[in-house]
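The listed protein sequences derive, respectively, from chains A and B. Numbered by numbering that gives the first Met the number 0, the letters in the first sequence go through residues 0 to 449 in order. Numbered by numbering that gives the first Met the number 0, the letters in the second sequence go through residues 0 to 602 in order.
Just to be clear, a hint being listed does not mean it is correct.
Listed below are the simulated BS3-like cross-link pairs for lysine-lysine, each with C-alpha atoms no more than 25 Å apart in a straight line [as the list claims (entries may be wrong)]:
| no. | chain 1 | residue 1 | chain 2 | residue 2 |
| --- | --- | --- | --- | --- |
| 1 | A | K397 | B | K157 |
| 2 | B | K192 | A | K187 |
| 3 | A | K187 | A | K284 |
| 4 | B | K516 | A | K187 |
| 5 | B | K296 | B | K516 |
Reference listing, derived: stretches of chain B covered by chain A, where coverage requires no fewer than 3 residues with Cβ under 8 Å from a Cβ of chain A [stated by the list, open to error]:
| no. | stretch |
| --- | --- |
| 6 | 51 to 59 |
| 7 | 113 to 119 |
| 8 | 442 to 448 |
It should be emphasised that the hints constitute simulated quantities derived from the structure, not laboratory data. For every residue, glycine included, the Cβ atom is placed at its ideal position computed from N, Cα and C.
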Amino acid sequence: MPAAAQRRIIFAHIDEPGYTNDLACYLQHGGYAVLRRSMARPPAELIDEVKKSGLRGRGGAGFPCGVKWSLVDRKSGKPIYLIVNADESEPGTFKDRYIIHQDPHQLIEGVMISCFANNVKQAYIYIRGEFPEGARILERAIAEARAAGFCGPNVLGTGYACEIYVHRGAGAYICGEETGLIESLEGKRPYPRIKPPFFPAVLGLYQCPTIVNNVETLCHVKYIADVGGDAYAKIGTPNNTGTRLLCVSGHVQKPGYYEYEVGKITLGELLYEVCGGPLPGRKFKAIIPGGSSAKILRMGETFALKNKDGTTRQLAVEDIPMDFDTLAACGTMGGSGGVIVMDDSVNMVEALANLNAFYAHESCGQCTPCREGSLWMKKITTRMVHAGARSEDGALLKSVADQIAGRTICAFGEACAWPTQSFVAKFGDEFKGAAETKPSTKSDHAIELV
Amino acid sequence: MIAPSKPDLVTVNIDGREIAVPKGTNVIEAARLVGVDVPHYCYHPKLTVVGNCRMCLIEMGMPAVDPATKSPIMDPATGKQRINWIPRPQIGCATNASPGLHIRTQTPQIKDCREGVMEFLLVNHPLDCPICDQAGECKLQEQATGYGRGYSRFIEQKNVKPKRTLLGPRVMLDDERCILCSRCIRFSKEIAKDDVLGFIDRGSFSTLTCYPGKKLENNYSLNTVDICPVGALTSTDFRFKMRVWFLKQTNSIDTESSVGANTVVWSREGRIYRITPRRNDEVNDTWMADSGRELYKAVQATDRLTAAKVNGAVSTLDLALGAAAELLKVGRIAPSAPSPIAIVGSGRSSVEEQFLTKQLADALQAPTHLVSRVGEGDGILVSADRNPNTRGALVVGLVSDLPKVGTALRAVRTSSTQSATTDGSESRPYQEIHVGGLSNLAADIDAGKIKTVISVGEDLTAAGLTAAQLAKVAIIYLGTHANATSAAAKVVFPTLAVFEKNGTLVNQQFRLQKFTKAVPAPAGATDDLVVLVQLAAAAGGPALPADIHELWKFIAASVPALGTMTFANLPETGLLLDATPWAGWSFAEGATLHYQPAGGSPP
Ligand SMILES: Cc1cc2nc3c(=O)[nH]c(=O)nc-3n(C[C@H](O)[C@H](O)[C@H](O)COP(=O)(O)O)c2cc1C
Ligand code: SF4
Ligand code: SF4
Ligand code: FES
Numbered sequence: 000m001p002a003a004a005q006r007r008i009i010f011a012h013i014d015e016p017g018y019t020n021d022l023a024c025y026l027q028h029g030g031y032a033v034l035r036r037s038m039a040r041p042p043a044e045l046i047d048e049v050k051k052s053g054l055r056g057r058g059g060a061g062f063p064c065g066v067k068w069s070l071v072d073r074k075s076g077k078p079i080y081l082i083v084n085a086d087e088s089e090p091g092t093f094k095d096r097y098i099i100h101q102d103p104h105q106l107i108e109g110v111m112i113s114c115f116a117n118n119v120k121q122a123y124i125y126i127r128g129e130f131p132e133g134a135r136i137l138e139r140a141i142a143e144a145r146a147a148g149f150c151g152p153n154v155l156g157t158g159y160a161c162e163i164y165v166h167r168g169a170g171a172y173i174c175g176e177e178t179g180l181i182e183s184l185e186g187k188r189p190y191p192r193i194k195p196p197f198f199p200a201v202l203g204l205y206q207c208p209t210i211v212n213n214v215e216t217l218c219h220v221k222y223i224a225d226v227g228g229d230a231y232a233k234i235g236t237p238n239n240t241g242t243r244l245l246c247v248s249g250h251v252q253k254p255g256y257y258e259y260e261v262g263k264i265t266l267g268e269l270l271y272e273v274c275g276g277p278l279p280g281r282k283f284k285a286i287i288p289g290g291s292s293a294k295i296l297r298m299g300e301t302f303a304l305k306n307k308d309g310t311t312r313q314l315a316v317e318d319i320p321m322d323f324d325t326l327a328a329c330g331t332m333g334g335s336g337g338v339i340v341m342d343d344s345v346n347m348v349e350a351l352a353n354l355n356a357f358y359a360h361e362s363c364g365q366c367t368p369c370r371e372g373s374l375w376m377k378k379i380t381t382r383m384v385h386a387g388a389r390s391e392d393g394a395l396l397k398s399v400a401d402q403i404a405g406r407t408i409c410a411f412g413e414a415c416a417w418p419t420q421s422f423v424a425k426f427g428d429e430f431k432g433a434a435e436t437k438p439s440t441k442s443d444h445a446i447e448l449v
Numbered sequence: 000m001i002a003p004s005k006p007d008l009v010t011v012n013i014d015g016r017e018i019a020v021p022k023g024t025n026v027i028e029a030a031r032l033v034g035v036d037v038p039h040y041c042y043h044p045k046l047t048v049v050g051n052c053r054m055c056l057i058e059m060g061m062p063a064v065d066p067a068t069k070s071p072i073m074d075p076a077t078g079k080q081r082i083n084w085i086p087r088p089q090i091g092c093a094t095n096a097s098p099g100l101h102i103r104t105q106t107p108q109i110k111d112c113r114e115g116v117m118e119f120l121l122v123n124h125p126l127d128c129p130i131c132d133q134a135g136e137c138k139l140q141e142q143a144t145g146y147g148r149g150y151s152r153f154i155e156q157k158n159v160k161p162k163r164t165l166l167g168p169r170v171m172l173d174d175e176r177c178i179l180c181s182r183c184i185r186f187s188k189e190i191a192k193d194d195v196l197g198f199i200d201r202g203s204f205s206t207l208t209c210y211p212g213k214k215l216e217n218n219y220s221l222n223t224v225d226i227c228p229v230g231a232l233t234s235t236d237f238r239f240k241m242r243v244w245f246l247k248q249t250n251s252i253d254t255e256s257s258v259g260a261n262t263v264v265w266s267r268e269g270r271i272y273r274i275t276p277r278r279n280d281e282v283n284d285t286w287m288a289d290s291g292r293e294l295y296k297a298v299q300a301t302d303r304l305t306a307a308k309v310n311g312a313v314s315t316l317d318l319a320l321g322a323a324a325e326l327l328k329v330g331r332i333a334p335s336a337p338s339p340i341a342i343v344g345s346g347r348s349s350v351e352e353q354f355l356t357k358q359l360a361d362a363l364q365a366p367t368h369l370v371s372r373v374g375e376g377d378g379i380l381v382s383a384d385r386n387p388n389t390r391g392a393l394v395v396g397l398v399s400d401l402p403k404v405g406t407a408l409r410a411v412r413t414s415s416t417q418s419a420t421t422d423g424s425e426s427r428p429y430q431e432i433h434v435g436g437l438s439n440l441a442a443d444i445d446a447g448k449i450k451t452v453i454s455v456g457e458d459l460t461a462a463g464l465t466a467a468q469l470a471k472v473a474i475i476y477l478g479t480h481a482n483a484t485s486a487a488a489k490v491v492f493p494t495l496a497v498f499e500k501n502g503t504l505v506n507q508q509f510r511l512q513k514f515t516k517a518v519p520a521p522a523g524a525t526d527d528l529v530v531l532v533q534l535a536a537a538a539g540g541p542a543l544p545a546d547i548h549e550l551w552k553f554i555a556a557s558v559p560a561l562g563t564m565t566f567a568n569l570p571e572t573g574l575l576l577d578a579t580p581w582a583g584w585s586f587a588e589g590a591t592l593h594y595q596p597a598g599g600s601p602p
């Protein structure tokens, strides 16, 4: 059976010849009509549509968006803020930037609908520092939208006021973690907050109730407001609704970004059919399916999954449907949609050394296990690659990672531990074998990030 | 005092033991109450909770309820409500008591968590205990004995960070020892209100530093040294002077102002090495000013008085007492005439000394004066009244009114900066204190009404009397240091500094607090109580004991608020006296920590 066709909802106009990122073009394509219609409806109805849609967050955790919105403290009397997480820093992820660069008004319309639904008067788009062009585009788009009355002091003449501000990060992965982001937005070091008590829905930006959503998530909200929650829920698979942007990078013929109904395409279809298979003469070896933090999958692995009726079924890696629940059942995650492909040319110790260099560089340093563990893991893998491995290093790496995961302030702890845990578990022979091979002499500057 | 309102109590279960604690108490504190130690680094009871060290991880569970009916789900095996344990460990410092909260601290998982954090804290630590001042009072050392591996699995290079960085005149930083708990940062921001510390860089390379152009030089900087759980922050004054385990700890009171911060005096072989705060949640929490920590230096000063003198010549104590007795016999012109003898008492004297001074004054029917010392309060732990015991003089009746604020200015540094400023400049300005309150006495001397002055510890010149006025009277002086008054006095009794004796002080809250003897007095000095008892007897007053415990029986009898309290039984955290006789008085103090003036004027 050939792979299902792409279903481009969010990416409907991405790379479309003649489609520009200015307001005029957006309006020609029916832009802001959904906002106009939405603002004629009671806000609670819009929240209901999002709940019915089953939309799950596209930032990483896959948390149901409607549930997140319903947790917002609306009785405090404090203002409610909405923050758009445009930090897109998870290695392997490059979807939000296309929305921002090529279709910023889609995001702004989604933001405005979400703000209206949640009685938000101020929204912030927190964009990573490495996206200067994206920030300029957003600034211009917001100015255009504001001049046309789609945001600002009197939205569409209704008297509803809502401003959107762009805030640029300064180059730190941890600013993507929602509470680290909030601290950064407040002008402080992006030290993630302890939860409890600082759940953004209750004590977020400036200790006020705050919604943090990913760029893509809010674009889905726009679509849901358009077609209705029930219609949206029919896209994709149950509990894994809608479409999802998949960013494929690494050793495939056709890396790129694709949009599929969630769960309607398998990993194998994505790699072999959509992305054209491995490079000539190579074989796929391993895949990280949801951004660098997701646990790695080994080609040839099979998973025993429980069916609803209690029976189990065997699932090969190639047959994993790219949805939140199945990937989780296979011990990894859909995460941010960044699919990183490695073929048989890759030395897994070197690959992990690269990832560990990233995490050691990006740990905010606030809590002990992540701060010390991430650098220690990096030091071990760097040594293994450049100065000689020991047979016990694999076990040591696993032990260090085990001392991090589940014990930190924020999910970075898992993000930095999972690669090590899964690499060592699934490619243990390579970690053992490294002790017998001579250390690589090639200078690999990527590993020397720190 | 108004009784504090009863907080809501909730019952929690810690390692199988039930205890009722105020709602919101965190697990570390609740566990303490049942004798369970939850190791921790970043948590400090007086600072905000940040949960960054992860040493206090515990297992947490809540009683199970049916989501639909909300009725408890019972465990058939035990007949009790089932407990739903959260698989992920939680931090005890940020987990607050709620009804039915269950905590486990002694499980294999928690042991593993603690060992993991310990190992992580040590991988980049220099392990230089033999040359570290913190050794002996280091939390890393303490927890390593319980949760350390005893060997290292770390074979890589350790991180290199700055060593011996002066953060300010009194605080030295070794970044390699810093465990990044942020206590010092939070203290500076939250308590000292001087936001000068922060971390730079990130991950394991995070480094504590002062903000550019700033120094940690506020008058509370040494508290960061106290609360730093490791040897990262050390005191430039105490550094390398003495191993802490050799030091004897004596409870004392900070006498620099009427706040009366509770302190510990650390000494060895009669020499004081440092003063640190002692926790009192009603007075100073766990803090004290840097300036109060230097008071011990005066004790060891070279200008201490160490011999009794009569007319400038060294004498024995007995001869000096005899000479003083002669001076006290200067009779009045007529029985109804006012006394030609005046007494200058001190707000720096102890309650016991003030009590005896009052007995002496009564026996002589002499007028009494008190020297005032008023500066600017800092709103934290140094109050405007720089006398630690003005209230004591009121309580024992030595004076019946507050002394006038003087005009004679005396400059005191808020804390010494000589030793270690990087550029040699004075980083902290002198503070001006108005010393005085003796204008009536001055007028009486000028008018020839007063012929003899007994000064109990006060330098009359510093308090505003002129050399000419001093020359007009015969002075009996009790004091610790040589000054213009001791030089002019007919009789001089060298007495004891606060660290050399026992006594009590009444702070601005009317809290009676005890200080105890830390070091022996220099040879030749005599306990103030001995001298005062003898003088009172010579003046025809009642026979009183110089022993403080015996003396207290008399004091308690005359101060109703003390009831049956004895000196020995006086709580280490003090005793609030009934202040109603002085309600509505306008004292010099503005608001400080745990103190609001009656008028409620802002700090
Ligand atoms: C270390 C770390 C980095 C993250 N980086 C991002 C990011 O770059 N972009 C993003 O949208 N979410 C990121 N997240 C997830 C956010 O914390 C948050 O869950 C998300 O923005 C919520 O949006 P959603 O519900 O729409 O997915 C990160 C989380 C962690 C723990
Ligand atoms: S887990 Fe890592 S990134 Fe998150 S707060 Fe702790 S040190 Fe910072
Ligand atoms: S210097 Fe001490 S108190 Fe300050 S962060 Fe480091 S370890 Fe904590
Ligand atoms: S005491 Fe540091 S995390 Fe709780």
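Do the hints match the structure? See the list:
no., hint, verdict
1, K397(A) - K157(B), "holds, 20 Å"
2, K192(B) - K187(A), "holds, 17 Å"
3, K187(A) - K284(A), "violated, 42 Å"
4, K516(B) - K187(A), "violated, 48 Å"
5, K296(B) - K516(B), "holds, 16 Å"
6, 51 to 59, "holds (count 5)"
7, 113 to 119, "holds (count 4)"
8, 442 to 448, "violated (count 0)"
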